[in-house]
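Engineer: Here are the chains, one letter per residue:
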Amino acid sequence: MPVVLDAQRISRSLARIAHEILERNHQVDELALIGIRRRGVPLAKRLAHAIHEIHHSEIPTGALDITLYRDDLMRTAVAAQPVIRRTEIPFSIDDKRILLVDDVLYTGRTIRAALDALIEFGRPKAIQLVVLVDRGHRELPIKADYVGKNVPTSLSQSVQVHLTEIDGRDEVEILES
Amino acid sequence: MKKDLLSIDDLTGDEIHLILDTSEAMREIGQRPIKKVPTLRGKTVVNLFYEPSTRTRTSFEIAEKRLSADTLNIAVSTSSVLKGETLADTAMNIEAMAPDMIVLRHPSSGACHVLARLCRSRIINAGDGMHEHPTQALLDAFTIRERKGRIEGLKVTIVGDLLHSRVLRSNIGLLTKLGAEVCACGPRTLIPAGLERCGVKISTSVDEAVAGADVIMMLRIQQERMQGAFLPSVREYFSTFGMTAARVARAKPDVIIMHPGPMNRGVEIASDVADGPYSVILEQVANGVAVRMAVLYLLAGGADASD
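Protein chains in written order, with my numbering: chain S, 1 to 177; chain P, 1001 to 1307.
A hint or two may mislead.
Said to hold, decoys possible - Simulated restraints on C-beta separations:
no., chain 1, residue 1, chain 2, residue 2, range
1, S, 38, P, 1118, 40 to 50 Å
2, P, 1030, S, 83, 11 to 21 Å
3, P, 1118, S, 72, 26 to 36 Å
4, P, 1030, S, 25, 25 to 35 Å
5, S, 8, P, 1252, 45 to 55 Å
6, S, 38, P, 1036, 15 to 25 Å
7, S, 38, P, 1272, 42 to 52 Å
8, S, 24, P, 1176, 54 to 64 Å
9, P, 1244, S, 83, 19 to 29 Å
Stated by the list, open to error - Distance condition first, Cα-Cα at most 25 Å in a straight line; then the derived PhoX-like pairs of lysine-lysine:
no., chain 1, residue 1, chain 2, residue 2
10, P, 1252, P, 1177
11, P, 1043, P, 1083
12, P, 1002, P, 1035
13, S, 125, P, 1036
14, P, 1148, P, 1083
15, S, 125, P, 1035
Calculated from the structure, these hints are not laboratory results.
Cβ atoms here follow ideal geometry from the backbone N, Cα and C, with glycine treated the same way.
Whole structure, please, built from the sequences with the hints as guidance.
Structural biologist: Below, the structure written as structure tokens:
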């Protein structure tokens, strides 16, 4: 079970991404972070904190559950429905530059669902994508704007992200299945 | 979850909590500028109502539309049922058009079970005779859990027509399953035989029953189901069992007053109580949409292997 990112490297990646976000977006007051449930949410909060450390500005932060927008929901007649969690976006996304945050970018289908979901909340000026790990194997034309680490994987592998807020420790590992 | 939602007995305690948690996520959709998600796109839901209903039918229809299902309503007053078609024939004909779910309201107890045996479509019981009304009990539980933070250990007093009430039967099933202490109160003529075996306390004194209650749930006096002489008069009923401010004062200071609607003001509940600060009656209606969205979503997936 090779560990590809440990706690220290995760925190350095997020610090670097925070700098990149500020470098590319001059209007900091237009920024907002939205994490995709579940593990995008703590990542978005950490980025908000990191940006605050550098720039001393509060970036509004929200959480998005994309379950109801998934394209594979009703395809199997045997499995129980996935659990839905709350979407909490306590600010208007109109004319904001939205930083959409997720832990792993894989097929791109989650991001497709997230874009559909977000657009129903308003009309942001732009949406940029932040991921901790890009593992390749895209099935849709989607690309991340900020990447913690590119991890080449095979389709038989799975990438497990553990975050302290949810799993009690910070670590990214590759599992053979 | 099983294929159909016919009765609270179909649900385990965990499944009830799953429905309530899912309802919380669904309620947020109703607060968005665009109150719609694409989840049930391409699914057809038939609302088949053999009894008049405003709240339940509207609530189901809004829930279905917010999930992007295609819905159609069959009101019996405008359908072939008036020409003498049986429930089974109507069901088989609707089934032939391959809907995914049927929401049924029917005056006969057990009608949903008949339909569930005949149809491949998933059946949701929206009230069958004097038997059950499971989505009402679920939205009541959701409202209680939201106001009180829990259901376990609460004292819930249910007052009114215990004999004819499907809301009572579903609520007893659900509340006792989640560990509430339920007290049912009504006139002796309207207490069904064997009710004490359902794990509830029975009382014929409303003043005694509401003492120390966390939740007071009123039931409607169902004049349309009363063929016999159950009550001497409506005015006497109000003076003996009607919920008045003086009676509410005997309950806990943070009591909530519930009613499944439609209310008979001045019969089972005084207007100042129905519109007063303890009343959560309109919250129940608002929560009904979210709870029905959760039920539709969870049933639309696959049934468990156990089914």
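Engineer: Against the structure, test the hints numbered earlier, and report the numbers of the ones violated in rising order.
Structural biologist: The structure breaks hints 9, 11, 12 and 14; every other hint is satisfied.
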